[in-house]
Amino acid sequence: EAQVTQNPRYLITVTGKKLTVTCSQNMNHEYMSWYRQDPGLGLRQIYYSMNVEVTDKGDVPEGYKVSRKEKRNFPLILESPSPNQTSLYFCASSLRVSSYEQYFGPGTRLTVT
Amino acid sequence: AQKVTQAQTEISVVEKEDVTLDCVYETRDTTYYLFWYKQPPSGELVFLIRRNSFDEQNEISGRYSWNFQKSTSSFNFTITASQVVDSAVYFCALSRDDKIIFGKGTRLHILP
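From first to last, the protein sequence lines stand for chains S and Z. Residue numbers 1 to 113, in the numbering used here, belong to the letters of the first sequence in order. Residue numbers 1001 to 1112, in the numbering used here, belong to the letters of the second sequence in order.
For the record, the hints were derived by calculation from the structure and aren't laboratory data. Fair warning: there could be bad hints in the mix.
[Claimed, not checked] Straight-line alpha carbon distances no greater than 20 angstroms define the calculated SDA-like cross-link-like pairs of lysine to any residue that follow: (1) Z:K1104 to S:Q85; (2) S:K71 to Z:D1098; (3) Z:K1003 to S:L41.
[Unchecked claim] Label-pair restraints from in silico Cβ distances: (4) Z:P1041 to S:K71: 40 to 50 angstroms; (5) Z:T1009 to S:P83: 18 to 28 angstroms; (6) S:K57 to Z:G1043: 24 to 34 angstroms; (7) S:L11 to Z:S1042: 18 to 28 angstroms; (8) S:K71 to Z:K1070: 27 to 37 angstroms; (9) Z:I1011 to S:D59: 20 to 30 angstroms; (10) Z:K1070 to S:T20: 18 to 28 angstroms; (11) S:D59 to Z:Y1064: 27 to 37 angstroms; (12) S:T13 to Z:S1071: 41 to 51 angstroms; (13) Z:T1030 to S:N7: 37 to 47 angstroms; (14) Z:R1107 to S:Y10: 15 to 25 angstroms; (15) Z:V1046 to S:N7: 15 to 25 angstroms; (16) Z:P1041 to S:T111: 19 to 29 angstroms.
[Stated by the list, open to error] Example chain S residues on the side facing chain Z (calculated, C-beta under 8 angstroms, incomplete): (17) Y10; (18) G16; (19) G42; (20) L43; (21) Q45; (22) Y48; (23) M50; (24) E53; (25) Y64; (26) V97; (27) S98; (28) S99; (29) E101; (30) Q102; (31) P106; (32) G107.
Here a beta-carbon is modelled for each residue, glycine too, at the ideal position from N, C-alpha and C.
All chains, full assembly: derive it from the sequences and hints.
Take a look at the structure:
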């Protein structure tokens, strides 16, 4: 089954404790992206990747890191999480570039206390 | 700069009524793509439609239709004969090849 998976689905952590949210797709898609969803703000792009070893900042990259060492995986890293990073996070992939339909993961709800 | 505005934060209609969700975008690009996505109460994001900037034909898919007008930079979404299952948050989005910008979404309540 074609899908985007994210882990964990729910995470409660404390300020400053490094964490990684994994994202994996099995569709051989070139483009992958991370978004955060906050009430009243819609979806905002954090980082995106056009292909392996090619990543770039979206609109809200501060406090996040990503890597794309393999085509299927695109982990989101929070080196020192803060409470303002409490949010719902979505990973997505598309065949090539962002102008194709995106397939979204189920979301990761992160709470930083 | 690119921008997507969904001015309707929340809409409530009675089942079987028609409803239109507005989307206005800003871009200086001549080549761009517009999307609508649906987020039902279960939380997943579901692709509905993609339209490129050179194709202004309106699209109909069952009870759903989309009206793309470059002259007014709008890409509106109409649900005909709405049903309770249409209750969701709907997002309009604009992309070039790399970045994608989403609107803030319109929460649609279909009342039985």
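Do the hints match the structure? See the list:
{"no.": "1", "hint": "Z:K1104 to S:Q85", "verdict": "holds (18 angstroms)"}
{"no.": "2", "hint": "S:K71 to Z:D1098", "verdict": "holds (17 angstroms)"}
{"no.": "3", "hint": "Z:K1003 to S:L41", "verdict": "holds (13 angstroms)"}
{"no.": "4", "hint": "Z:P1041 to S:K71: 40 to 50 angstroms", "verdict": "violated (33 angstroms)"}
{"no.": "5", "hint": "Z:T1009 to S:P83: 18 to 28 angstroms", "verdict": "holds (25 angstroms)"}
{"no.": "6", "hint": "S:K57 to Z:G1043: 24 to 34 angstroms", "verdict": "holds (26 angstroms)"}
{"no.": "7", "hint": "S:L11 to Z:S1042: 18 to 28 angstroms", "verdict": "holds (20 angstroms)"}
{"no.": "8", "hint": "S:K71 to Z:K1070: 27 to 37 angstroms", "verdict": "holds (35 angstroms)"}
{"no.": "9", "hint": "Z:I1011 to S:D59: 20 to 30 angstroms", "verdict": "holds (26 angstroms)"}
{"no.": "10", "hint": "Z:K1070 to S:T20: 18 to 28 angstroms", "verdict": "violated (42 angstroms)"}
{"no.": "11", "hint": "S:D59 to Z:Y1064: 27 to 37 angstroms", "verdict": "holds (28 angstroms)"}
{"no.": "12", "hint": "S:T13 to Z:S1071: 41 to 51 angstroms", "verdict": "holds (49 angstroms)"}
{"no.": "13", "hint": "Z:T1030 to S:N7: 37 to 47 angstroms", "verdict": "holds (40 angstroms)"}
{"no.": "14", "hint": "Z:R1107 to S:Y10: 15 to 25 angstroms", "verdict": "holds (23 angstroms)"}
{"no.": "15", "hint": "Z:V1046 to S:N7: 15 to 25 angstroms", "verdict": "holds (21 angstroms)"}
{"no.": "16", "hint": "Z:P1041 to S:T111: 19 to 29 angstroms", "verdict": "holds (20 angstroms)"}
{"no.": "17", "hint": "Y10", "verdict": "violated (12 angstroms)"}
{"no.": "18", "hint": "G16", "verdict": "violated (28 angstroms)"}
{"no.": "19", "hint": "G42", "verdict": "holds (4 angstroms)"}
{"no.": "20", "hint": "L43", "verdict": "holds (4 angstroms)"}
{"no.": "21", "hint": "Q45", "verdict": "holds (6 angstroms)"}
{"no.": "22", "hint": "Y48", "verdict": "holds (7 angstroms)"}
{"no.": "23", "hint": "M50", "verdict": "holds (7 angstroms)"}
{"no.": "24", "hint": "E53", "verdict": "violated (15 angstroms)"}
{"no.": "25", "hint": "Y64", "verdict": "violated (15 angstroms)"}
{"no.": "26", "hint": "V97", "verdict": "holds (4 angstroms)"}
{"no.": "27", "hint": "S98", "verdict": "holds (4 angstroms)"}
{"no.": "28", "hint": "S99", "verdict": "holds (4 angstroms)"}
{"no.": "29", "hint": "E101", "verdict": "holds (5 angstroms)"}
{"no.": "30", "hint": "Q102", "verdict": "holds (7 angstroms)"}
{"no.": "31", "hint": "P106", "verdict": "holds (6 angstroms)"}
{"no.": "32", "hint": "G107", "verdict": "holds (6 angstroms)"}
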